[in-house]
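Go by the hints and put chains L and D onto chain U.
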Amino acid sequence: MESVYAQYVWAVPIAPLLAFLVLTLMRCVVKGSAAFIGVGSSLIACVLSILILLERLSASTNVYTVNVEWLSFGAVHFELGYELTNLNALMLVIVTVVSTLVNLYAKGYMADDERQTVFFAYIGLFTFSMLGLVISPNLLQLYIFWELVGVCSFLLIGFWYERPAARAAAKKAFIMTRIGDVGLLIAILILFWHMPNHALDFQSIGQVFASVDTMSQYGISAGLATWIASLIFLGAIGKSGQFPLHTWLPDAMEGPTPISALIHAATMVAAGVYLVARTFDIFQLSQTAMLIVASVGGFTAIFAATIAIAQRDMKRILAYSTVSQLGYMMLALGLGAVTAGIFHLFTHAFFKALLFLGAGSVIHAVHTQNIFQINGRGRSMKITAWTFAIGALALSGVPPLSGFWSKDAILSAAWESNKLLFAIGVVAAFLTAFYMSRLFFIVFTRAKRVHTEGTDSPIHESPAVMTIPLVVLAVLAVVAGFVYTPFYSGFETWITGVAASDHTNVIVIIVSTIVALSGIGLGYFIYGPNGVREDRWSNVIKPLYHLVERKYYVDELYKLFAVYPLKVLGKVLDVFDRYIIDGIVRYTASCTVQFGKLFTRIQNGQLQSYGLLSLYGFSALLLLLLLLGKGLW
Amino acid sequence: MSSMLASYLTLAAILFCIGLYGVLTKRSAVIVLLSIELMLNAVNLNLIAFSKYGVVPSLKGQVFSLFNIAIAAAEVAVGIAILIALYRNRATTNVDEFNELRN
Amino acid sequence: MIPWLTLLAFSPLVGVLLLSLVPSDRVKLLRCIGIAASLLPLLLAFFIYAYVNVEGQGSSLTERYNWIAIPLNIEAIQPYVQSWAFEIDYHLSIGGLSLPLVVMTAIVTAMAAWASLTIKQRVKSYYIWFLLLEVGMLGVFMARDLFLFFLFFEWTLVPMFFLIGIWGFAKREKAANRFLVYNGLGSALLLVAFLILTVTAGLAVHGDAGASSHLVYSGDLEQMIRQLGDAQSFVNTLPGPASSFNPFYLSEAWRATAFILLLIAFGIKLPIFPFHTWMLRVHVEAPTPVVMLHSGVLLKMGAYGLIQFGLAILPQSFASWSTVLAIIGLVNIVYGALLAYVQKELRLLLAYSSISHMGFVLLGIAAMNDIGLQGAVLQMVSHGFISALFFLLVGCLLERTGTSRIDELGGLANRLPFLSALLLLAGLASLGLPGLSGFMAELLSLLGLYGQLPWAAIAGGLGIILSAVYVLRGVLAITYGPLDMRFAQLKGTQAVEALPAVVLTFAIILIGVLPAVVTIPIEQGIERMIHIIQAGR
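Residue numbers (the numbering used here), protein chains in the order written: chain U, 91 to 723; chain L, 35 to 137; chain D, 250 to 786.
In isolation and in its complexed conformation, chain U is listed as follows (with noise of 0.2 angstroms):
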């Protein structure tokens, strides 16, 4: 069949872009409609990509790729262009709703903010960035709109930029996904020199990584390939946030909330798990690196669930959630759960955006992201609260919301291949439902303390601008489930390509419900309207609890051991540069100044001197002609 729509995937990110371009171009002109034009393009974007999902949902399945030359000399052949595949249709429809979302929102949430044209300015470029990497067609594109969505990612992070901690927290996140992102830069190099015709598209990577053969039919060995991608990994582990460079994720929520819930948690840290998904032909044929991925992914995903629990800041709780759910979405990838990981990200980038614009709303009403300052004042807000609550649910993996057929559907792939990994998903299945259910209760219900300080005005729900995409989010957090349900496997065969049979595995069903449930049962006990006080069981283990409180200490150990001696260094070499190098530059010149003052003693100026001097000169000639010149008398 004809495809109708899918010639037009270009237009889908060119409507943000020109969001962005009108915007900062034009910024006095459009001024008061900012907000009306960032909506107006991500929601022809998100009409657009919905009508190609729909398109390939009904009939071709087959890829749809335009390339054009960008960059062409000797072997070098450099193109950019649009490829459509299941996966990036997908893709398009989960950044394009959120975003169109999260624009609404943000119409809301930012209408005090002097320099919302910038705001909204920023997200048009981010989400054009993140639909350019999203239909990338090859590695290079890819890497360049990668660098890209980290860029806006860093500019919103540092939207408010007179905080010196939304300074910090920018930094720190450019710097931390620059170093994923030299991973996956070298992993182009590598695969630049070794892909026959130095191609570096998808679908070629796909045909020589089809299988062991093809690719020692091509020169490349199995330990390359688990270079190649170990480090596109690498460019992966920085973006999605997984250990050891999760620490920025965190810190980025000192970026407005709407952000927060865009970019990191619904879309930009989910391209890391989307990158390894597209070339998971390569991760396929590594052993090691598959090994690689599932144990960082799985560790983190308990890692970052720890850290959660013990947080007070309501966005930072979030945020160590996002990281933790990454680590999921990785743990499926690495055991071969392509699908799962997949529809993981899916549900997630719905009912985590859900979560962040609730408690944005929570926020913009209070003025606190500190949870034991709401303390239930957030109660009043019936709209946000019950969205927040079917968010929560889903999260935590309670059935029938999105949450546990994706949780579900990772659990029972690794049910099957590691029961290790297996355990560590259900444990941090748990901490999961117990850190959502603190979170939930001391913001929403937990009973007003009688001393309050600071304003104690009454708390009023947001406006409808701001409600209505928590309303639709809480929808779709309920219903995204259903595309992929352990009786249903059309969406693996949509996605893979592959005909897959049904994976109904009711032992997981059942303990993932079990824990989730009991998760949600022990933070009620603790934290309920009835519950007992926080510092009663975290003075019992107060190390620990520490330990937790202060996320591990890592941000501590990166100062210690890479901050602090790149400084140093930088001092030592400071030093050695001012006084040794240029020292001796110094000195050079002064010996030749030294060199010539000693025959400036000569000139002094008398006059007689000067004679008797030439006298001498003189004299030495005629003796040297005495001596010497025996011909010329």
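Among the hints, erroneous ones may be present.
[Claimed, not checked] Quick list of simulated restraints, FRET-style, between CB atoms: (1) L:121 - D:285: 56 to 64 angstroms; (2) L:122 - D:272: 37 to 45 angstroms; (3) U:144 - D:773: 27 to 35 angstroms; (4) D:777 - U:286: 24 to 32 angstroms.
Everything labelled a hint here was simulated from the structure, so no lab data went into it. Yeah, the Cβ is synthetic: ideal placement off N, Cα and C, and Gly gets one too.
Relative to chain U, chains L and D alone:
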């Protein structure tokens, strides 16, 4: 004949050396100028000696020495003028104190 | 036939002439003439760019006239040849790597002339020196005779010396002296290397072999490349027992000597570690429009010379020393980056970042393939624009705040949003953000290098992380953060200042989005060089 030339030349050499000694050692600029005159006259003596007893005797040497005397007179006039100007500025004619060349 | 290249190179002299006719107190008129005169070569450069690209790459413009011929004493070899002479040709060409660099020079100079509106004293002589400098720079990038190149190379020193020494900041004279002495030293070495090459590879035999032939020494680049590329030529045939003495043979030892001399001579200009200290002073002490030229264009003369007058002439030596070049490049990158990271003065930070960025040029050269060389040239052009933009902005900053110390500034995004945005953009370009010019340059350098020395390319990736560290540290400390009360009254950017910044930004984005504007004109020149390199293996 040649002995006559030798004695003239010797006298001229002695005069020249006395002049040179004066130029190099005397503190007073006036004496220095006088010594320069002495050296010039030594040269004049040579010129005349050669014009009379040289290989090709000719009057040119004597004419040339007359030129020399005239120029020496002019030179002394200029020299003394400079000296006076200097004396007005520095109130001394001590050559040791004239080391402006150095700076 | 219109001598376009000569017109281009000497077109600033029109301005010099006009300026010398205007009384020195008519400052406004002088400024107008100065700027207009710098626009003239810009227009010509654009025209030539368009002309060369439209006409196709084969017809790269060339101009050649006999200039100086010194007959040599032929008594010693009378029976064998008719005449023996030393000749210098006036030979300009826009082929090879020249075109993008010439256009870059013209743009940066015009923008710097515009930015020189901040110069308040002795405007007349300032613009005269400024335009004379431009003649030298344009000449360097077009000369195809070793001695003509050397002449232009030296030419730039004199105006630069006065521009630093008269219009600079507090320690300007010291900086000017150091600049002159250091570069003079480099030039001396360069001259020695050129002489070594001229008396061997520069030899040409005209006419029939035998008694009627004419022996000519010349500094002609094409001639040298041809001689050294020809396995049968004098310069390449070892004097065996059968043949008699061959004074024109260039032995391995002499080749290595010439290579090292060239490396140091151009390395001082580039600069490579440890010959970089002179340029730190210049960056801090020279007036900012002059630093725009210095950092933007003059440093590139070193890199350009290294490729066009080093690599092209002695490809084998470069190939056998490529590991050393790569290591020097890496040292430059890491050393510059680490030092940039701890500087408290923005101008010093930028100076060290230049050292770091020039490291990528060396990596591109060390790659010894077309990808690496394209990367090196792109890096030259891109860094030219980026550092010009940086120093333009630093100039605006200095004008307002009187300081460019990182620890004294902060929060300027509040009062100077436009300037801060551009500063951030320049920073992002500098750290290699895709879509801006630096990215493709660094990518191609590393990509090319990976084909030759994989480990070095991977180590070079470290530089990409470090550049993010120091750039963000410097730029964010100035623009972000709480606003210092001292700067609460700063005036916003005016349109007059904004124009050159916008032009440079546009150039940076254009090269970032369409790197082909740089790569296409030099493709043929680089192909030829690669051909020579591969033939030599």
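The hints, checked one at a time:
1. Residue 121 of chain L and residue 285 of chain D have their C-beta atoms about 59 angstroms apart, which keeps the hinted 56 to 64 angstroms range intact.
2. About 40 angstroms separates the C-beta atoms of residue 122 of chain L and residue 272 of chain D, a value consistent with the hinted range of 37 to 45 angstroms.
3. The hinted window of 27 to 35 angstroms between residue 144 of chain U and residue 773 of chain D is violated, with their beta carbons roughly 50 angstroms apart.
4. For the pair residue 777 of chain D and residue 286 of chain U, the beta carbons lie near 27 angstroms from each other, so the given range of 24 to 32 angstroms is met.
Violated hints amount to a single one, hint 3; each of the other numbered hints is respected by the structure.
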